[in-house]
Amino acid sequence: MSGLHELSTSEIAAGVKGKKFSALEVFDDCLNRTLACDGSLDALITTVVEDGRRAAEAIDGRVARGEPLGPLAGVPTVLKDNMCTYKVRTTAGSRILGGWEPPYSATVWTLLSEAGATLLGKSNMDEFAMGNTTGTSAFGPTRNPWDTSRVPGGSSGGSAAAVAAAYVPFALGSDTGGSIRQPASYCGIYGLKPTYGLVSRYGLIAYGSSLDQIGPFARSMADIALVMSVIARHDPRDSTSVPGKSFDFTVRKGSDALRGKRVALVREFQDFTLDKPIADAMKRVAKICEDAGAEITEVSLPTVGRYAVACYYAIAASEAHTNLARYDGVRYGAEADEHAGTLREAFEDVRSKGFGVEVKSRIIAGTCLTEPVRSEEYYVAATRVRTLIAEEFHRAFESADCILQPVTPSMPERIGEVDDDATKGYEADLYTLPVNMAGLPGLTFFTGYAESGLPVGLQLVGHRWSDATLVDMGAALEEIIGSPRVPAVVKGAA
Amino acid sequence: MHHKEKLEFTPVIGIEIHIQLKTRSKIFCSCAADYTNDEPNTHICPVCMGLPGSLPALNGEVIRQAMRAGLTLHCRILPTTFFFRKSYYYPDLPKGFQITQSDLPIAADGWLEIHDDAGRPKRVRVNRLHLEEDVGKLRHVTADGRIEGASSSFVDYNRSGLPLAEIVSEPDISSAREAVEYVTTLRRRVLHAGASDVDLEKGMMRFDANVSLKCSDGRWGNRVEVKNMNSFRALERAIEYEVKRQGSILAEGGEVMRETRHWNDARGVTTGLRVKEFYRKFIVEPDLPPLVITKEQVDEALASLPEMPEEKLVRYVGFGLSEGDAAVLIEEPAVARYFEACVTAGANPLRAGNWVRTEVLRVVNDAKVSADMIAVSPEALASLLAKVEDGGLSTTLAKSVFDALLDGLSFEDALKRSGASDGAVDVHALAASVVAANPDVVAEIRSGKDTKGKKVKFLVGLMMRESKGSVKVDEATAALEKVLA
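These protein sequence lines are chains A and B, in that order.
The numbers in our numbering rise by one with no breaks, and the one at position 74 of the first sequence is 74.
The numbers in our numbering rise by one with no breaks, and the one at position 127 of the second sequence is 127.
So that you can see chain B by itself, here it is in the shape it has in the complex (with noise of 0.2 angstroms):
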């Protein structure tokens, strides 16, 4: 029934994507949801614990949040929005159902600017962003992280109760690289809303797709949900491995069945989930009245957002940056605002560009930590790359200036250290911003009337000056003649 002639695909992928809105306490006590390093079970309460008799008191503070996070993909926010409880059965679920939103959310009809594989730009659908509560943590202790077998199972309920922030795309994405672009870009944003944290090593930042193919041939594969994946990497693996299963399945003229399945990062593969899903189903909160938001309320939430990322790339390319290095700046907040405070200190924005791009980035990447963490400040990183400007020092000797800036020195001793005032002064580039600094003086020199060698003195004089003496007269002279020869 099927025919020879070469069938054509085309992915249709939805996603959706929870992140964990960045606030002091969860959701709906005041457990502190920052629980990085402590022991299980430590941020708990009778409220995320669910226990008998307990209620839900939801968190001003996660409302601001899903707000501000809502604005940053141009959604509108609604007026009045209802929580619902979801029901299903799991021990890491304390209350036997989770509260979340469902057809009234906080924030909808959004959209973000990506490229189609084509380069050309296209905008993707946000459905909607709801909040929700996090569940616990299930350990198991079988290898496999199989329940039946293991002799025990532990639950960790710290991460119960935390809040996320549930964004739905609508099915606008047709690769792999477009749904790694709309997640990245996403991020990108809600990072420097300062939403959420969206760390994607502590789970910050999960991702579901809902892949389906549309055939050349005009028939409609299944939607297939796929699970589990906590990586950009997974994700498009994910992707990429499902488009190509069930384009082999359309091929064969079989047809996709509708299911979830969950990513396998380690095999590279989805599989269909053995047991039947939970049978989950909706009822009101009826210990949440609905939530109302008034206008004020988003108006300030809207003027709390700093710059977007893609107007910082805009401003960046405004200073001399190609748009690739500027993409590298404007990925971390912490990153831009250390290039943006060398900057403003005076540096030359494309030296510091660079500057920021390898070496400031280098140590954040090997340390792990913020470049606001860093012990050279933006200052002090602006003052070293005015002396590189005027040629008082060489970019090699910077570097070790920098290193030594960083090991907490300061900046004279950094200087030092790093021999840039014992001698092994860039002699040559201080005599050519010598020359350079004083026109009229070389003019004399050049038209030979400095018969006395007073103004070639009086310029070395100047060389010993801005190398705080560090630099010999002979060394000095050979290096000026040279320069003016």
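If we strip away everything but chain A, and leave its shape as in the complex, we get (with noise of 0.2 angstroms):
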């Protein structure tokens, strides 16, 4: 049966449940899809074709003898490279971790699949999510579905071209500084970074442990919905996943989750320069709540606006050179030469041949700046400016529901384009990383297609835990503006 690649999750799960089709049909059609697409896009590291069919054929079994199924009964997703699975190769988009597969799997992972969702493959990223364009991959760029010479996004790039292009309904992705949100916007889908805490970080390789979050790409916020049901849960292996928090993700039609609400821009924000098709989403988005009930304010964060991407960098960067400190080639991936003398010149070797050039400028940075000697003024002043940051949205949040901004300040750019000047990147975060900082939920979503044809997200950031309502402003306004298409996924001019 082809077209399948083209339901939702809940349609899948569905069908799969009323026998309309069979996980196995699912899965098989989602995997044609990707194999017509992948050699153009190169969204996913590893295809997982053996055991993602088995795994919908078991779905299929307990089918046939009247089991109780899972909400994602049979549907076929993808998860970024950076998540363990068990027995199935993780690589964090890096060389160094060689062809490890893991002894043991993410949380979320666990969840997913207890839930009834068959892995059908392992999504590029830049190399250990260090990155805005998928381009740092040790396994080269992923392409943007909506023009292939340029780029999807990033990190979590693979996974936002997966959903865009439909491969699968909805993939996962995580998110320290925009990795979510970014390629989300970049391929016209939505994307959630959920509130630090409320997913479990179990078995996510590491880059800032403190950042990072895993949240859902998928086509629709019902889908978005869905997934953020299973996948929010209390995981008592992780330390900083908080207990008690329960939120019903359901999203109702008609919801009138904007009525009353007060959609706040900010202040700082009015000054920086946007691309138009951005500039004229974010006039017209404020419009449309305008015109669903809810009230426009404003608010001012002066230090989100003025030191954010500053400490955002120096915070990421010292967990990230301790948090990549193991790769060793002592216990698994990438081995030393055996020529290598002594034990530093076998570390020296491995590190030097694993990482690429953006993780040793991260690891450099972050030793650099938690040096004894150094650590007061750069890593122990970011921690405070970040404590500032928290509170300056805390504040805001008393007289705002939710804040409408860009997600970036312009289109996805050409493959390449970016790479010679680092800088250009950094500033491009400014929207999304202060998210991360305070530990907020972030919401991308989709607001049309630009005249080049490309599609433009905005974002819908809330406080910590009101991620149940951003998620129902997220479909209220899915409603009045329309979901996304699917791509016929052509080669583009490069």
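Keep in mind the hints are simulated off the structure, nothing from the lab.
Predicted, not measured: the structure shown is a model, and the values here were computed from it.
Some hints could be false.
Stated by the list, open to error - Heads up, incomplete: computed chain A residues facing chain B, CB under 7 angstroms, no partners named:
#	residue
1	ALA64
2	TYR202
3	ILE205
4	THR297
5	GLU319
6	SER352
Said to hold, decoys possible - Once the Cα atoms are required to be at most 27 angstroms apart in a straight line, the calculated BS3-like pairs of lysine-lysine come out as:
#	chain 1	residue 1	chain 2	residue 2
7	A	LYS353	B	LYS86
8	B	LYS86	A	LYS360
9	B	LYS455	B	LYS482
10	B	LYS202	B	LYS244
Ideal placement from N, C-alpha and C gives every residue a C-beta, glycine not left out.
Relying on the hints, combine the two individually framed chains into one complex.
Okay, here's the thing in structure tokens:
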């Protein structure tokens, strides 16, 4: 049966349960779509054919025997390749892990598979999630399904492209400074970075531990909600996972979720230049919100505008250089050249060959920023500013229910364009990374297509634990604006 | 520039002790902590192997034991404490950093009382007790333990992630002897509290010492950190060596280099580490939120602490034991428990003390078992001692009964095997005890009223009954006449 790959998560689960089609038919149709497109997109590092089909058959067995089925029964999915999957190669987009097959699964994958999801692939990503184009991957760049000469965003670009191109109805990414929201925007789909502590990080290969958070990509808000209802669970294996939080992620049609809401614009952001399609979308969506009964207000975030980017990189690099210290070739992954004489030479050999340039530069930055003589001035100072940023957001949310803001100032660039000038990439993170600094939820939603045909996304940022409210508002906007289409995926000019 | 007058040096010593806290599982995962005799790398999981994606989850038992250990050192428990990452590269460190505590440890500001070299009581201040995870063990192929030149090295991660408490003293210690008293006092208290098994042979207690000298001419020598002492004797010798080494440098007018030195137990010397020490630095551990400890938790830990060895000693001296004898009994909690159970079962404390110090400790030391595990229960020993006490059994015989009991015999069989019931009974002692127990009858005999010898026969009868018929009548009569004479 063809065309199944364009169905939503809940449509597939319902169809499998109702025996309209089998989980295996769904899996094979998604696999065919993947094989047809991935030569152009390179969204996946690993395609899980045999194990995935076997899992689909197991679901069909349960259907045949009338056994209880989870809410994601027979729904194929893709995980960003920094989430550990038992006996399925996990690379984090790096050479240094070699062909490592984890002996355990990340909590999110355990939850998804228990709910009936089947694994179709592990998606491409910037190496160790460091980047915003998916171009720092050791496996080469992923291409944007709407224009294959352009980047899909990053670091979760592979997951975003796979969902946008309808390999699968939903996928997981991770977001340390925008790595879910920015590719969701560039690929024209929905992407939620949940409140820090809502989704377990156990089994997520760490970049900046205090900033990393796993979240879903989907082509509809209903699917975002459904996936969140499965993965938003307290996990005792993750000490930063917060117990006692349970949310109703059910999305209702005509919910009127925007009525009476105070939707804030950030005063300081209004001085910054935006690409025209994004500036237009901001005006249009503000009007839509107002028409739907929301009040447009203004909040001020002075520290965020001035210091967030610098402090973010100080903290992320400081944590990253310790998180990446374990890759020494002793226990797993790439091994040192046998001619390496001393222990130090062996470490140097493995790490010099195993890490890419972007990763090395952040390790070096982190190492320097945390040296005892500089730590107080940089790392410790950055953590203090972080507290100020969190307080600033806290005050802002006393007079607002959410913030409406861009995801990025510009439309997706051509592949290779930004790589020469790292600082431009850093500035592009201004709208995303303060959200991670404060541990807030951020939702990228689809607003339409620019004249160029490229999709335009915007972002709603909420207070901590307001994830379900954001999802409701995103669903209300989807009802008014309309859902994204699935691109044909044709080779671009490049 | 230096004068001929005799210079005096005062050692200034601080000690860092690592002890392994007694818990069922490791500090951040559920791997079993006891891997004794198990194959290398059989007690490992993604967490203690530091696999990509794994996260630490603090074991509540570790917190409780750390508090208990801290409280035995008179520390205060901090209401909020933090974890840090200490970064350095080494193959036994699976994450490339060690999770430890830095500025805000779980326990701080304690003290222990010891005696100075003149025998006067003195306090050694405990700066803090902080938690950290242990690292794996390296095994090199070369005999001298060097990495370079070894054809291969192996790492056993069974030890990785065991819960350690690092206890840092202030530099209040002035001699090698004081250092040993400090660590033995500390060991005894922690052991009695059950917070650690502090088994030195199993590496559950390791020492580092910071040694410097204050010179009578006003000079201060630089501080030297001496590492790798795994026994009391090694600690004592290392400090003695270092005090002498630094003293002769200062006496020559030289300067002691500030460095870390390694104690070589076989050669009896400290040597400077040729390699510059790995550069270590700290950031906050983002995977562990601050640890908040409530007053209730502290109160519960405090209430769970048993009587401390020093208090036991006072109580035993109250039984009439000498301080020296009592000190032997309180060293190991199992021995103290054995002694107390024996006394509770009715044994004379002095006699019980002697027997536990000699016979019970002999067994404990020879068989290397805990006093809890030996075949003679304290109650059985109490019964045996009662026989000695009432004169029915000589000390020599009692010892052979004790040995028979050790072999697993019942009390009756043990008596039989030792000959206590087949004529080898101490007839003289038996007669004496019967005489002592029947003063009225003895008075009649002595007054000459027992002309028909009925009273003597009565006493002989008692002796027969006491010895369960194993004594011959004429032997008993002879012994009795001797006692009465």
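Discussion item. With the threshold set at 27 angstroms, check whether the alpha-carbon distance from LYS353 of chain A to LYS86 of chain B stays at or below it.
Written reply: At roughly 25 angstroms apart (the allowed maximum being 27 angstroms), LYS86 of chain B and LYS353 of chain A satisfy the hint.
Worksheet entry | Restraint outcome when ILE205 of chain A is required to lie within 7 angstroms of chain B by C-beta distance | Holds, about 4 angstroms.
Worksheet item: Given TYR202 of chain A as an interface hint, is the shortest Cβ-Cβ distance to chain B below 7 angstroms?
Response: With a minimum Cβ separation of about 5 angstroms from chain B (threshold 7 angstroms), the hint on TYR202 of chain A holds.
Worksheet item: Can GLU319 of chain A be said to touch chain B, with a Cβ gap under 7 angstroms?
Response: 6 angstroms, holds
Worksheet item: Should the hint that SER352 of chain A touches chain B count as held when the rule is a Cβ pair under 7 angstroms?
Response: 14 angstroms, violated
Worksheet item: Keeping to a limit of 27 angstroms between CA atoms, is the pair of LYS455 of chain B and LYS482 of chain B held or broken?
Response: The given pair, whose Cα atoms are some 15 angstroms apart, holds under the 27 angstroms limit.
Worksheet item: Given ALA64 of chain A as an interface hint, is the shortest Cβ-Cβ distance to chain B below 7 angstroms?
Response: With Cβ-Cβ at 35 angstroms, over 7 angstroms, it is violated.
Worksheet entry | chain B contact restraint for THR297 of chain A - C-beta distance below 7 angstroms | 33 angstroms, violated
Discussion item. So if I understand the rule, the pair passes when the alpha-carbon distance is 27 angstroms or less; does LYS86 of chain B with LYS360 of chain A pass?
Written reply: 20 angstroms, holds
Worksheet item: LYS202 of chain B and LYS244 of chain B: Cα distance at most 27 angstroms?
Response: Since the Cα atoms of LYS202 of chain B and LYS244 of chain B sit roughly 30 angstroms apart, the hinted pair is violated (cutoff 27 angstroms).
In terms of the numbered hints stated before, the structure departs from hints 1, 4, 6 and 10, listed from lowest to highest.
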